[in-house]
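Engineer: This is what each chain is made of:
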Amino acid sequence: MSTLFYISSLIAIVATIMVITRYHPIHALLYLVVSFLAVAMIFLSLGAPFIAVLEVIIYAGAIIVLFIFVVMMLNLGKDTALQEKEWLKPRVWLGPSLLVLLLQGELIILLLQQEGAAMPVTVVDPKKVALSLYGEYILAVELAGFLLMAGIVGAAHIGKHKKRNLHRFLQNGNGAGEASDVTRQQKQAESVINN
Amino acid sequence: MSSFNVSTVLIVASILFVLGLIGVLTRKNIIFMLISVEIMLNAAGLAFVAAGAKWQQPDGQVMFLFILAMAAAEVSVALAMVLQIYHQHKTMDVEELKELKD
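In the order they appear, the protein sequences are chains C and F.
In this text, residue positions in the first sequence follow this note's numbering: the first is 1, and each later residue adds one.
In this text, residue positions in the second sequence follow this note's numbering: the first is 1, and each later residue adds one.
Take these hints with a grain of salt, some might be off.
[To be verified] Chain F regions said to be covered by chain C (calculated; three or more residues, Cβ under 8 Å):
{"no.": "1", "region": "5-18"}
{"no.": "2", "region": "33-42"}
{"no.": "3", "region": "86-93"}
Hints in this document: simulated from the structure, not taken from any laboratory.
Yeah, the Cβ is synthetic: ideal placement off N, Cα and C, and Gly gets one too.
One chain only, chain C, in its complex shape (with noise of 0.2 Å):
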């Protein structure tokens, strides 16, 4: 069981760090359905099969769908992957990513430091987590019903195709209307003037 842990983790970490230095998208989709397949592997490893079950649906099947939809529909070619190799200069990412890598180091060593405790692996059945997940955490299933539900009808909201509508100040042409009012101003003048 520990071997098997060992080799998935290190499966996710190798995945995890292909996902973010790739420039084309869909590569990059690629090694991160890797990396939660391998994320559903540790689950399994840890005694949690009804987890591993939901990351290998939800995460590896619903969610990278619809980045697979998202980058279907904008088109993103290699163009794309070439302007993100220009975006992604040493310079860019040098200073933020090695400050990181310092508090990481900090929190390992803060981990490594205490003495080990031994975790059992024992297996928490589907039947507890739905007893307790009915049970004293039904509020939080109520709530997180209100959340997919707000979640829907924002994206709806959102990802309506309208048009680019300007302030209201600026709508109906104004300055064309301007225009078009001072050549009336003119006419009648001159209209007035051959009277």
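Since the structure of chain C is already known, use the hints to place chain F on it.
Structural biologist: Structure of chain F alone, referenced to chain C:
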């Protein structure tokens, strides 16, 4: 059934979280920033599940379910916003999106 150390699981979760954080900090394409946020949420869920497995309680898995629901709602709204941004600005660069007016 062999057992392993608690701190190794936490180290793996923190490495994944920091990789997601590096992605958010360094990429400029908005789709890659969203992917990195997903990686960070997944790492946080891994820490929750590890804590639940350590004390053999279902609470960690319940927290992971809530993180999953939140991530699904967040990614749907954010991808709709990405579509709108691309239709209006014709770019994925976050530097170009300094103004939130329409």
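Engineer: Now tell me if each hint is right for this structure.
Structural biologist: Hint by hint, here is what the structure shows:
no., hint, verdict
1, 5-18, "holds (count 12)"
2, 33-42, "holds (count 6)"
3, 86-93, "holds (count 5)"
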